[in-house]
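A.B. asks: First to last, the sequence lines map onto chains E and L.
When we follow this note's numbering, the leftmost residue of the first sequence carries the number 1, and every step to the right adds one.
When we follow this note's numbering, the leftmost residue of the second sequence carries the number 1001, and every step to the right adds one.
Keep in mind the hints are simulated off the structure, nothing from the lab.
The beta carbon of each residue, even a glycine, is placed where N, CA and C say it ideally should be.
Errors might be hidden in some of the hints.
Stated by the list, open to error - Selected chain L positions facing chain E (in silico; Cβ < 8 angstroms):
1. Thr1087
2. Thr1094
3. Leu1115
4. Arg1117
5. Ala1122
6. Thr1149
7. Gln1151
8. Arg1169
9. Pro1170
10. Lys1252
To be verified - PhoX-like, lysine-lysine: derived pairs with alpha carbons at most 25 angstroms apart:
11. E/Lys236 with L/Lys1064
12. L/Lys1116 with E/Lys536
13. E/Lys415 with L/Lys1119
14. E/Lys236 with L/Lys1119
15. E/Lys236 with L/Lys1218
One-letter residues, chain by chain:
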Amino acid sequence: MYWSAGSYSKQDSAHREAARIADAINAETRVQAALTKAGLIHRVLVSASQPDVKSALENIGIKGAWRVRIETSAQPVVDNSELAKIPDDAPSHGQPGQLEVTQYSLENAVTGRSTPLPATNTMTAKSSYNPASLSPDNSNFFSGPSVQNKGRWRSDIGFEHRAFQNPGLLNTEKNHPSVSLQSEYYRTWNDGDDIFAFVPFVRFDGQDKRRSHADIRELTWVHVADSYELRSGIRKVFWGVTESQHLVDVINQTDAVENPDGEEKLGQPMINLSWLRSWGVVDIYWLMGFRERNFSGRQGRPGFPFQIETDDAVYESSAGQYRGDFAIRWVHSIGDLEFGLSHFSGTGREPTLVPRFTRANGIPESVVLIPHYNIIEQTGIDSQYFLGDWTFKAEAISRGGQGIRYEAATVGFEKTLVGIAGSRGDLGLIAEYLYDGRGASGPALGQDDIALGVRYSFNDAAATTALLVTLIDRESHEYLTTLEASSRLGERLKITIEASLVSNTRRVTPGLLGFLEVLSDPHADLAFLRNEDFIKLELIWYL
Amino acid sequence: MIGKNNVLSLCFICIVVATMASAETADEKGLAIAIEADLRDQGWIDNMVELQMILRNAKGNESKRQLRLRSLEVPEDGDKSLTIFDTPRDIKGTGLLTFSHKQGDDDQWLNLPALKRVKRIASKNKSGPFVGSEFAFEDLSSQEVEKYTYQWLRDENYEGQAAYVIERRPIDRNSGYTRQEVWIDKEHYRLLKVDYYDRKQSLLKTLKSSGFKLYLDKIWRPEKMSMYNHQTRKSTDLLWREYRFNTGLTDKDFTRNSLQRAR
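The following block holds chain L by itself, in its conformation from the complex:
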């Protein structure tokens, strides 16, 4: 027979268990979500992809850039990438080599084939626009867990998908942002949407990613990333196509020499 005391202790246990379950703070939960999203995006090894950028000003006038990217996963550090421009024609063959780092500033070199010169870019320039687009350098560099602190805000449905909404705050004080709100879907931990808040704490930009496709049975990549600047009403679309993974790239494809000869 269950006595009154037993009922009470059962209730107590229930309360303790419930408290333990919520013992994970919002910060811990946010971090756990970020780590899981990072883990799900590991193991792509290397890739090559073509990218079209469409820049629109407030009046809707467009200008386009055609780029090629190759990237190499660096497990212990940030990734390496090499970007080459095909259009516009005046910067045809210009290359950008980036070594991202989990901690500290990324290393970047720009090859200017017309001048036969490789210039290293001062690394603090992360908040500057990438080739006049609404994407800053830091928006496009490899998203490492260590670059932010996190906080889970709420769960929310985003375009029919159950999603976590977390806040992340850049650790680097040279970042152009005070914080970002990120929508991550619960099923695959893909970054569906990001709201960027500027140094004055006002909403600066929104990034929406769509058309996710699965590669290598496990890596999700969007076909389209749209960045809208709320303050200038300018926008930039990134259209990714011809994704190829596991193509055999090595460290040797990401050197100053390989930057210089890529056209």
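Just chain E, with the same shape it has in the complex:
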């Protein structure tokens, strides 16, 4: 291993400099010729056999030396006829020539691998050059001293309007305007091996006080080592593969006021050790503290005719919200098969809503719902297999702790038709089957349902995509259809459209009575969403 301390067009200048360096820092030096586009050059190489040669070189005024590995037996392949072509009148030491040979392997990018030397390209241009005078550029985004070192803020504002087709069961408003702001602070140091990120989020809703809320999505420090990553702080973690529901994904609490589809999550405090092995990645999570699920208020949509008393939430754990939960996950891929095996032990994120009656003279006067949070043990598996245009997906869980242990699964596929009908676009066809072992006593959606969907990516400059999915309840024959589409407007604006429609369900008489009627009807799983059909338009402005 050698350090290159500079290059000269004149061989004797190179030898003089080599001798000077040898004397000054008492190191072995040599001169090696190479042909480059800049012509024939003579490199001064300093043996790296003693430590800290670089600082020694800097002390004698040679900055930006870079390391090269050459075999000691390697002889410069320089044809004598080429030598003869280059007159020895090129500028001497220290003047960077007309460089096209910039961007050498700079010092802080050291590898033990061989740098090709000497070169065999024959060039006609002639000039001396001195890479030592080239300062390493400061725009290293990936690692090393970088622009991102300094940290930076980025923010976006979302202007949203939700329009509902009908007033809600409790005669709630049809139009719901809202504004949200999300910022991100991100910085790295220690050659990118330490990362800090802070992502606060806030929403103001024009109708629903409960939907006006703030959350820290991320406040995290990540340390990267050779065989592990340690991630501490508030984070978001996603597990799973299927489209229609996410059974395996249990780490973060759902931000239920954000979106009824459950895709938005609240930040979760944790310490996560990610251990990288040849046989996959093992993630161990210590989840510190519990985030309660939030619910839309009486003015919000989808509306509940009952007050949900989140303040009176009941926990199975005596530690309540302060119980430490644990999770572990192993992910690996073998060829075209990817799979994850996970276990979660802790307070389940989904509450059971238990009615509580207030009585006057022994007669029920009013009813409120109290969220009950049980301790669950959930083992999950998620996998996908790629076969040409087909992606087969499966998720399955077994959960104990909420009544008797039960199993649930989602299996399906997505087939992608690339460049369909000679267009630029890709059409994805999605089909999934949703199963829940609890049957009728299970959730409204996902007991015995089929999801059919199409995804179209236009592959245009605006990255326009649309996803249409219909969920069919096989027992009640009700349909829930959702549409999601988005496109870019210029460099800093994005528009998204979302719509949701329930069809083929029973009528609901307005008011509390109608709601109770629907709840007691086993063939009306989705009727409570009947009046909640909406279209949502959001404009996101990236500041």
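With chain E's structure known, arrange chain L on it following the hints.
C.D. replies: Okay, now just chain L, sitting in the frame of chain E:
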């Protein structure tokens, strides 16, 4: 004294030698050129580079993307690369990890930081446009000799440089092309120009590379690659800058974990 027979046998030898010299078929010559071009591009080990993409529609309206790429040479297989988007802002931090393979499909994963999700891309999607540009995924993935069959067509001067013109036909039937015509300069074996023919055998796109610079004394890289779509009259320019080689990247910089944390 040279007899008549000797003159005849000399002529015969000349003919045999001439025949032997041309015994290399056009296919063999095409392959030899491709192999030489591949050999000349070996030994770059790893690199980091910044990339600006300028997309133009038929009316000349532009949209831009700013990307960062890091790549790792994998001698026995295709290369590994990690691409991160800085603009447009809605996809800021989105990363694409690619493991190219000499044979079979490339493996690709997309990190969507807003969703905290890493999605594997169905690998047959090689003919699809890369982020709405005129470059298909297969145009940007590592160009391995094994991915095509070759035929030398002719020698031709291209913009003042002596060049070979070879035809290459993709082996993968999921490719968007039936064939490509490639101009390779005789001195340095750089890909100067590529004509892409679609499945209907008509000229689809032309790629022109210019502003070649030499790195590591041996690796040539263009500063600009322009792809023009003859059928839609759309075009995409790739402007490469801040090339840095031998930066010390390893396999560990090309994992799903490193994809997830890159922003």
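A.B. asks: Are the hints correct? Go through all of them and say.
C.D. replies: Structure-based check of all given hints:
no. : hint                    : result
1   : Thr1087                 : 6 angstroms, holds
2   : Thr1094                 : 10 angstroms, violated
3   : Leu1115                 : 7 angstroms, holds
4   : Arg1117                 : 5 angstroms, holds
5   : Ala1122                 : 5 angstroms, holds
6   : Thr1149                 : 22 angstroms, violated
7   : Gln1151                 : 26 angstroms, violated
8   : Arg1169                 : 19 angstroms, violated
9   : Pro1170                 : 15 angstroms, violated
10  : Lys1252                 : 7 angstroms, holds
11  : E/Lys236 with L/Lys1064 : 30 angstroms, violated
12  : L/Lys1116 with E/Lys536 : 23 angstroms, holds
13  : E/Lys415 with L/Lys1119 : 15 angstroms, holds
14  : E/Lys236 with L/Lys1119 : 16 angstroms, holds
15  : E/Lys236 with L/Lys1218 : 45 angstroms, violated
Violated hints, in rising order: 2, 6, 7, 8, 9, 11, 15; the structure is consistent with all others.
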